[in-house]
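Student: The primary structure of each chain is shown beneath.
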Amino acid sequence: MSTIMQPLAPPGAIRVRRPWQRTVLSFLVAFGPGLIVMEADNDAGAVSTYMQAGGQYGYHLLWVLLLLLPICYFVQEMVARLGIATGKGHAAMIYERFGKAWGRFSLFDLLAVNFLTLITEFAAISLAMRGLGVAPVISVPLSALALVGLIATGSYRRWERIVVVLCLLDLTWFVTAALLHPVWHEALTRTFIPSLPHAGVTGDLVFLIIAIVGTTIAPWQLFFQQSCVAEKRLRFADLKWARLDTLIGACFTVLVAGAMMLVGAFAYNHNIPFTDPAQLAGSIAAILPLRTGTFIHHALLLLMVNAAVLGTTAISLASAWAYGEVAGWEHSLHKKPSEAPAFYAVYALCVFAAAGVVLIPHLPLQVVIITVQVFAGLVLPSAIIFLQLLLNDHALLGDRWVNRPWNNWINWSIVAILFALSIVLAAQVLLPNLFN
Amino acid sequence: MATLATHHDPTLYVIHPLDDIQEQKCTSEGLGLMELTPTVRFSLTALRVYLIAMTLIILYRTLALTNLFRHAH
Numbered sequence: 001m002s003t004i005m006q007p008l009a010p011p012g013a014i015r016v017r018r019p020w021q022r023t024v025l026s027f028l029v030a031f032g033p034g035l036i037v038m039e040a041d042n043d044a045g046a047v048s049t050y051m052q053a054g055g056q057y058g059y060h061l062l063w064v065l066l067l068l069l070p071i072c073y074f075v076q077e078m079v080a081r082l083g084i085a086t087g088k089g090h091a092a093m094i095y096e097r098f099g100k101a102w103g104r105f106s107l108f109d110l111l112a113v114n115f116l117t118l119i120t121e122f123a124a125i126s127l128a129m130r131g132l133g134v135a136p137v138i139s140v141p142l143s144a145l146a147l148v149g150l151i152a153t154g155s156y157r158r159w160e161r162i163v164v165v166l167c168l169l170d171l172t173w174f175v176t177a178a179l180l181h182p183v184w185h186e187a188l189t190r191t192f193i194p195s196l197p198h199a200g201v202t203g204d205l206v207f208l209i210i211a212i213v214g215t216t217i218a219p220w221q222l223f224f225q226q227s228c229v230a231e232k233r234l235r236f237a238d239l240k241w242a243r244l245d246t247l248i249g250a251c252f253t254v255l256v257a258g259a260m261m262l263v264g265a266f267a268y269n270h271n272i273p274f275t276d277p278a279q280l281a282g283s284i285a286a287i288l289p290l291r292t293g294t295f296i297h298h299a300l301l302l303l304m305v306n307a308a309v310l311g312t313t314a315i316s317l318a319s320a321w322a323y324g325e326v327a328g329w330e331h332s333l334h335k336k337p338s339e340a341p342a343f344y345a346v347y348a349l350c351v352f353a354a355a356g357v358v359l360i361p362h363l364p365l366q367v368v369i370i371t372v373q374v375f376a377g378l379v380l381p382s383a384i385i386f387l388q389l390l391l392n393d394h395a396l397l398g399d400r401w402v403n404r405p406w407n408n409w410i411n412w413s414i415v416a417i418l419f420a421l422s423i424v425l426a427a428q429v430l431l432p433n434l435f436n
Numbered sequence: 001m002a003t004l005a006t007h008h009d010p011t012l013y014v015i016h017p018l019d020d021i022q023e024q025k026c027t028s029e030g031l032g033l034m035e036l037t038p039t040v041r042f043s044l045t046a047l048r049v050y051l052i053a054m055t056l057i058i059l060y061r062t063l064a065l066t067n068l069f070r071h072a073h
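Here the protein sequences line up with chains S and B, keeping their order.
In terms of our numbering, the first sequence is residues 1 to 436.
In terms of our numbering, the second sequence is residues 1 to 73.
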């Protein structure tokens with residue numbers, strides 16, 4: 001008689017019967033950071049920018065999104081790889097490998113851009129909730145409290161699950177865009193065949209293209225995803241799933257951005273002037289049948305709030321993680337607020353300070369939004385240069401994790417494109433009438 | 001990710017990264033700062049100067065847009 005020894009299941013292991021189940025589940029347990037970082041990038045500023053692009057140029061700028069898809073993926077793949085290889089955040093790596101001076105400089109840039117961006121998130125919450133009949137003095141503090149409550153449970157998993165659900169709520173953008181009956185044939189043609197508006201290259205067009213690039217790839221994303229991957233303790237074997245997660249996130253974010261542009265294009269096709277998405281929601285509702293109009297009005301305003309909430313939690317976490325890494329504090333969502341007080345304090349400070357600024361009467365929000373886009377566009381190429389140098393650090397990463405030559409070709413090309421745009425942006429800031 | 005299977009028991013296991021044993025990661029301990037060639041060092045310094053200058057220009061333009069200097073003229 002023979003006795004078969006049943007292998008003991010490792011603690012916390014999930015049992016499956018079929019290899020395909022193992023494959024699917026292995027992906028699902030690694031899934032999250034890629035989708036969150038990409039979808040959180042479709043924040044309030046992005047909603048405003050994409051809808052403005054659609055409102056001013058119809059379907060003409062859809063091709064820009066298609067070009068940005070591989071750029072998003074390749075940049076964020078490097079961050080995910082670095083996070084898995086080192087188990088540390090981006091700020092920590094810059095500090096350790098380039099020294100305190102560069103570490104502080106990068107951190108200051110990040111915190112400054114992030115704080116300005118957070119102001120725009122709360123401005124969007126204020127605008128959208130006002131459209132739904134809630135006064136800013138109520139909606140802004142309440143949303144700030146809810147955003148702090150979202151992370152204060154001492155569980156990374158809980159935070160991740162909630163945020164993934166919020167990301168998936170963005171599927172409503174497709175329903176909203178479809179209800180506005182876009183001219184699909186023209187939209188698809190403009191997506192795959194680049195074209196310029198009838199007026200040609202103007203200052204407004206250049207600025208808008210740079211704003212689209214700046215809003216689709218932002219500096220905080222580099223810091224956020226690497227810290228998030230480290231926080232989730234993704235293993236070397238998870239790299240392929242992290243890549244797939246990032247690719248899915250990149251495709252999803254670009255499709256959602258396209259849907260936002262289609263909504264904006266409705267205004268272009270019907271000659272509806274608007275200054276912000278909340279105003280457009282009201283105008284669209286006024287010309288559609290009551291039921292559809294009410295749905296689209298409420299959906300657009302709630303999607304604006306969702307975009308701002310996603311942006312705020314990701315950006316504030318990027319700041320809190322980065323500051324914690326550099327300061328050497330406990331900086332983890334696995335810790336309770338009493339165990340990592342400084343980490344949670346930085347997050348709460350970012351949220352409450354930005355919310356407080358939005359409540360200042362007569363604040364020139366449009367100036368803040370423009371400054372954020374310009375500043376982010378300026379900082380981004382230099383942030384990617386550090387990433388690129390770190391991914392070529394053989395002493396740290398060895399041959400297994402460093403960039404391959406083709407990686408370097410692609411990434412230096414991306415840096416060159418972003419730098420060229422940054423210089424055009426700089427020229428436009430110095431000479432506002434350059435392209436007119 | 002764990003896979004335990006025998007001929008008699010094809011049971012497979014998947015472990016969430018947060019429940020798994022932590023791996024030994026690449027570390028910079030003992031490496032010091034990254035070695036940079038003079039060209040890279042010069043480029044990074046030029047980049048820093050460019051960023052500081054542009055930040056100041058953006059700051060000035062932002063303040064100008066908010067009409068902060070209107071009383072100066």
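Bear in mind the hints are in silico, worked out from the structure with no lab data behind them.
If you're wondering where the values come from, they're calculated on a predicted model, not measured in any experiment.
We put the beta carbon where it would ideally sit given N, CA and C, even for glycine.
Heads up, some of the hints might be wrong.
What the hints assert, rightly or not - Pairwise CB distance ranges, derived in the manner of DEER restraints:
1) S:P405 - B:L47: 19 to 27 Å
2) S:W184 - B:Q24: 31 to 39 Å
3) S:L132 - B:Q24: 49 to 57 Å
4) S:E330 - B:L36: 25 to 33 Å
5) S:K336 - B:K25: 20 to 28 Å
6) S:P361 - B:Y60: 19 to 27 Å
7) B:E29 - S:H198: 53 to 61 Å
8) S:R104 - B:Q22: 23 to 31 Å
9) S:A416 - B:T11: 29 to 37 Å
10) S:R157 - B:L47: 55 to 63 Å
11) S:F236 - B:T11: 18 to 26 Å
12) B:D19 - S:L359: 53 to 61 Å
13) S:N408 - B:T11: 39 to 47 Å
What the hints assert, rightly or not - Under 8 Å between C-beta atoms, here's a sample of chain B residues computed to sit facing chain S:
14) L18
15) M34
16) T37
17) T45
18) L51
19) I58
Student: Looking back at the hints listed earlier, which ones does the structure fail to meet?
Tutor: 2, 9, 10, 12, 16 and 17
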